[in-house]
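Novice: Residue numbers (our numbering), protein chains in the order written: chain A, 438 to 752; chain B, 226 to 532; chain C, 210 to 650.
Derived from the structure by calculation, the hints contain no laboratory data.
Remember, predicted model here, so these are calculated numbers, not experimental data.
Where is the CB? At the ideal position from N, CA and C, for every residue including glycine.
Pairs of lysine-lysine residues, derived as DSS-like cross-links and limited to a Cα-Cα distance of at most 27 Å, are as follows:
(1) C/561 x C/548
(2) C/273 x C/285
(3) B/525 x A/575
(4) A/695 x C/541
(5) B/525 x A/642
(6) C/273 x A/695
(7) A/695 x C/285
(8) A/695 x C/548
(9) A/695 x C/561
(10) A/642 x A/575
(11) C/539 x A/695
(12) C/574 x C/285
Just so you have them, the derived chain C footprint on chain A, three or more residues with Cβ under 8 Å:
(13) 511-522
(14) 528-540
(15) 597-603
(16) 690-699
(17) 702-710
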Amino acid sequence: MTDAPARTEPRPGSHPQGPRPTLAEVAATYPDRRPSRGRAWAAVRRVLRHVALIAFGLVMLYPLLWMLASSFKPTELIFREPGLIPTEWDFGNYTDGWNALLDPFSHYLLNSAVVVLGSVLGNLVSCSMAAYAFARLKFRGRNLWFAIMLMSIMLPIHVIIVPQYILFSSLSWINTFLPLIVPKLLATDAFFVFLMVQFFRGIPKDLDEAARLDGCGHVRIYLRIMLPLSLPALATTAIFTFIWTWNDFFSQLIFLTKPDMYTVPIALRTFVDATSNSSWGPLFAMSIVSLIPVFLVFLFGQKYLVKGIATTGIK
Amino acid sequence: MAVIQEVARTRGAAPERRKGDGRAAALFLAPWFVGLVLVTAFPLVASLYLSFTDYSLLEAPGWVGLENYTAMFSDPRFFQALKVTFTYVLVSVPLQLAAALALAMVLDKGLRGLAFYRSVYYLPSLLGGSVAIAILWRQVFGADGLVNQVLGFFGIEGVGWVSHPDYALGTLMILNVWTFGAPMIIFLAGLRQIPAMYYEAASIDGAGRWRRFRSITVPLLTPIIFFNLVLQLIGAFQSFTQAFIVSGGTGGPVDSTLFYTLYLYEKGFSSYQMGYASAMAWFLLLVVAGMTAVNFLASKFWVFYDD
Amino acid sequence: MRVTATRALRRRGVALVALTAAGALALTACSGDSGAMPSDDDGGGDDGNVEIRFAWWGSDDRHKTTQQIIDLFEEKNPGITVVPDYTDWDGYWDKLATATAGGDTPDVITQEERYLSDYASRGVIGELSGVDTSEIPEDILSTGEVDGKLVGIPTGVNAYAMVADPQIFADAGVEMPDDTTWTWDEYVDIAGTIAKGAGDGVWGAQDYGFNEAGLNVLARQKGEALYDEDGSLGVSKETIAEFFQTSLDLMANGGQPDASRSVEYQNAGPEGSLLGTNAGAMGVWWSNQLGALSDASGHDLELLRLPGESEFERTGMYFKPAMYYSISAKTKHPEESAKFVDFLLNDPEVAKLQLTDRGLPANLKVREAILPELTAADQKVADFMADLEPDIVDNPSVPPNGANEIQDIMIRINTEVLFERMTPDEAADAFLKDVGAAIGG
Numbered sequence: 438m439t440d441a442p443a444r445t446e447p448r449p450g451s452h453p454q455g456p457r458p459t460l461a462e463v464a465a466t467y468p469d470r471r472p473s474r475g476r477a478w479a480a481v482r483r484v485l486r487h488v489a490l491i492a493f494g495l496v497m498l499y500p501l502l503w504m505l506a507s508s509f510k511p512t513e514l515i516f517r518e519p520g521l522i523p524t525e526w527d528f529g530n531y532t533d534g535w536n537a538l539l540d541p542f543s544h545y546l547l548n549s550a551v552v553v554l555g556s557v558l559g560n561l562v563s564c565s566m567a568a569y570a571f572a573r574l575k576f577r578g579r580n581l582w583f584a585i586m587l588m589s590i591m592l593p594i595h596v597i598i599v600p601q602y603i604l605f606s607s608l609s610w611i612n613t614f615l616p617l618i619v620p621k622l623l624a625t626d627a628f629f630v631f632l633m634v635q636f637f638r639g640i641p642k643d644l645d646e647a648a649r650l651d652g653c654g655h656v657r658i659y660l661r662i663m664l665p666l667s668l669p670a671l672a673t674t675a676i677f678t679f680i681w682t683w684n685d686f687f688s689q690l691i692f693l694t695k696p697d698m699y700t701v702p703i704a705l706r707t708f709v710d711a712t713s714n715s716s717w718g719p720l721f722a723m724s725i726v727s728l729i730p731v732f733l734v735f736l737f738g739q740k741y742l743v744k745g746i747a748t749t750g751i752k
Numbered sequence: 226m227a228v229i230q231e232v233a234r235t236r237g238a239a240p241e242r243r244k245g246d247g248r249a250a251a252l253f254l255a256p257w258f259v260g261l262v263l264v265t266a267f268p269l270v271a272s273l274y275l276s277f278t279d280y281s282l283l284e285a286p287g288w289v290g291l292e293n294y295t296a297m298f299s300d301p302r303f304f305q306a307l308k309v310t311f312t313y314v315l316v317s318v319p320l321q322l323a324a325a326l327a328l329a330m331v332l333d334k335g336l337r338g339l340a341f342y343r344s345v346y347y348l349p350s351l352l353g354g355s356v357a358i359a360i361l362w363r364q365v366f367g368a369d370g371l372v373n374q375v376l377g378f379f380g381i382e383g384v385g386w387v388s389h390p391d392y393a394l395g396t397l398m399i400l401n402v403w404t405f406g407a408p409m410i411i412f413l414a415g416l417r418q419i420p421a422m423y424y425e426a427a428s429i430d431g432a433g434r435w436r437r438f439r440s441i442t443v444p445l446l447t448p449i450i451f452f453n454l455v456l457q458l459i460g461a462f463q464s465f466t467q468a469f470i471v472s473g474g475t476g477g478p479v480d481s482t483l484f485y486t487l488y489l490y491e492k493g494f495s496s497y498q499m500g501y502a503s504a505m506a507w508f509l510l511l512v513v514a515g516m517t518a519v520n521f522l523a524s525k526f527w528v529f530y531d532d
Numbered sequence: 210m211r212v213t214a215t216r217a218l219r220r221r222g223v224a225l226v227a228l229t230a231a232g233a234l235a236l237t238a239c240s241g242d243s244g245a246m247p248s249d250d251d252g253g254g255d256d257g258n259v260e261i262r263f264a265w266w267g268s269d270d271r272h273k274t275t276q277q278i279i280d281l282f283e284e285k286n287p288g289i290t291v292v293p294d295y296t297d298w299d300g301y302w303d304k305l306a307t308a309t310a311g312g313d314t315p316d317v318i319t320q321e322e323r324y325l326s327d328y329a330s331r332g333v334i335g336e337l338s339g340v341d342t343s344e345i346p347e348d349i350l351s352t353g354e355v356d357g358k359l360v361g362i363p364t365g366v367n368a369y370a371m372v373a374d375p376q377i378f379a380d381a382g383v384e385m386p387d388d389t390t391w392t393w394d395e396y397v398d399i400a401g402t403i404a405k406g407a408g409d410g411v412w413g414a415q416d417y418g419f420n421e422a423g424l425n426v427l428a429r430q431k432g433e434a435l436y437d438e439d440g441s442l443g444v445s446k447e448t449i450a451e452f453f454q455t456s457l458d459l460m461a462n463g464g465q466p467d468a469s470r471s472v473e474y475q476n477a478g479p480e481g482s483l484l485g486t487n488a489g490a491m492g493v494w495w496s497n498q499l500g501a502l503s504d505a506s507g508h509d510l511e512l513l514r515l516p517g518e519s520e521f522e523r524t525g526m527y528f529k530p531a532m533y534y535s536i537s538a539k540t541k542h543p544e545e546s547a548k549f550v551d552f553l554l555n556d557p558e559v560a561k562l563q564l565t566d567r568g569l570p571a572n573l574k575v576r577e578a579i580l581p582e583l584t585a586a587d588q589k590v591a592d593f594m595a596d597l598e599p600d601i602v603d604n605p606s607v608p609p610n611g612a613n614e615i616q617d618i619m620i621r622i623n624t625e626v627l628f629e630r631m632t633p634d635e636a637a638d639a640f641l642k643d644v645g646a647a648i649g650g
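Chain A on its own, in the form it takes in the complex (with noise of 0.2 Å):
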């Protein structure tokens, strides 16, 4: 491991006296493999790759495409005129949508941003706990215990679900959001426990040593090493974490009894109905309207996704 020097510019060709060239630089003084084709071919080949990406992610996004016109459509039009223009604009069903429920749709986002928030945090907080556990302390029973948990994950919700009940009623705890958060800060989505176990032992062992030998024990290593050497895998973990839980419909449709608890994914199910009149139109508004905090929350929070390990070395 060697120190990264500070950059000098690199001259091609001639061997720089003073300070040590980094790698990329000396790199960048040996000619590539290929010949270059010139500046205007590049250009070419960037903008095919834009127009690709673009056909591509147009033909991906057809059908939420499809459902954004639908939104703007009356509801009678919407399967009479299944194109992707509306013939008639009609913004009537965001302000229906809107208030079309016992409460104004802000009130389920409201909900379902609190549900969200907690268990992100405590999505975030436990499973990096226990993925530390697993990842770097040597304990009795550790593959077992890894193995159970990875087994709590392969049950369907659908038969845990009414067990889970019963005992959170007989903590009363239906209807409210306990039963939605608590489990999150007890580290029972085994999916993120074992992301981060993964992303643990990718980070090299040596700076954990390095830190012990400065004298650090577990928790300061947890702290100050595997978190911040983790930031992609908390950022995933954290959206991903956001995204499920603002779309899960079942358990909050179980737990969740009073309407004015209700989240998003329930209200926007009572728009349409089987048995009697469904309001296609609104839904799309609502499901639209839902679809933007989710999607600023990826847009955003992406810059912690991609922030890697640029340069390694123990600081």
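Use these hints to put chains B and C onto chain A, whose structure you have.
Specialist: Okay, now just chains B and C, sitting in the frame of chain A:
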């Protein structure tokens, strides 16, 4: 002076500390353990117990021993559900992971507007569980849907893909592949975690792009590939929402999309046979656990960890 | 170090056992118990306020209206609070079953005929008393009796009927049929003619085979019935085969779309149906769906009687209770719950608010009172039902346990027939076998 003593102490104590981190483990695992016992173990054990009972949900359970299990193995719809689920898993998971990896590589670096593209390709995953998906999928794969309109351009007459017993499952597989956003993000995170130093060193040695991919990216990505593989498989076996929404809860047409958990749900909540459903759940758990164990054993041969 | 580790592990083991034991105790203590809900005010001690929970399904329109009704009740009955509990149709039964398993059954429950027997026979809903049913006709009231006890009172009635689009008939140059005399064969012919005359992409009728109600009507026309009084199957193999054959005939003469499209239309609900998208002239629906269909199609749709009403022994159409109100057998507030049900059924102001959303009101007086307030489509429904009433012979008894599976069985078998993977005869055998298993168990 104190520093030297400290160093000496830790140095001397090093072998002892490595022997067991039990105390530290107890601390770090405390929340997880409480969660395991309270939230996970109890329902797990309860559902195992219920699998030996006849439980309608509306009345208390009554012991029936192995009856549910024997009934399961002589139920043609049970085998249909297994067949549908296995087909779905074995085809769509590799496809989805391949798409995710490919897009992650393309969207890793070197292009302007990457954040935007990534969000665009991730958007479909947000819709995966939405009740609107049934409508949307019909719009694309229905008898008069987009796919057939495009095919019509080329003079090919398409069938009603989403409502045809032979093709309905295929449309659900496409739905799974369409929602490749989640594994793609994880691959992206994994790509980002590969130290640039390795790439730099390889360039020095004269390795080209493909060689660098083969010798650096892939091996260092194997823990993440493994993770995605294991979890996508586990998740795919339990796939429920898409099939439920697209088929209107029936697993149709004619059980061609009768996913295992869909049938389980039907048995538990519609037929009031929660005991049978619990038996199905435990059978699934055994299958999935077995497959995961195989995965873990095989991983010794192709997954590369730095520790 | 080692000693500490072992001790820690042992402590954990003990903790594991203790917590699981506690959980098991909770399970046994709780099943079958009622009133663990935090919102359930036990006995209304100090402030005299009683809370009852009312569960129903529907879409946002119904939820809003029902909340208004609840507010009205609370105004008239200070001291009783009604806690709403609503979801969509699909989630309703899951939630209800889970809540019951956890001992949290709602006090007043909306029920449906396919589930009524299951809940009654297992003692979840109890016999109703304290509700004034004098204005409800006896033959409608009897549809809520299981084992001789009244366990659910119908909120209103629907009829399974043919909905027709006169405009498409006209476009195709076909006259509207006389619905009191037309036969099943004539129905097939008319559909075929319309399809030919109306051009591409327009058919005569939507496939009717996905709903067992149609089979019930045909069976009753022939003097049989889907379910006997004792809860077993009462329809013959020939009738079932005939029922499916009609669909095949319609596909053969082009009167109805191909199998894939039929499945799609079936899944699309009223808004995406043949009638709703102006892609067809006829379809079989419940009478209270006329409004949704009319809105979707934009045309003035008509209700017709089903074919074959005068073709065989007797008429087959019947009044089906749209839904029922039931009361939990373990409710802590039976009087207040009964009061609320009484209010829902008999108060004319309630009817004025919800009109025919829960079917044409079963209470005849209330029905009269709201007639002037109905929308055009609902007015048609009311007229149709009034016209139909004298010709109805009797109403079917409550379907037996397991009846809610029939819909799925029917959908599955009908799809097999449409895709020609089963002949009508094979379908009839499969139907008898599968349905027999479902209700026999």
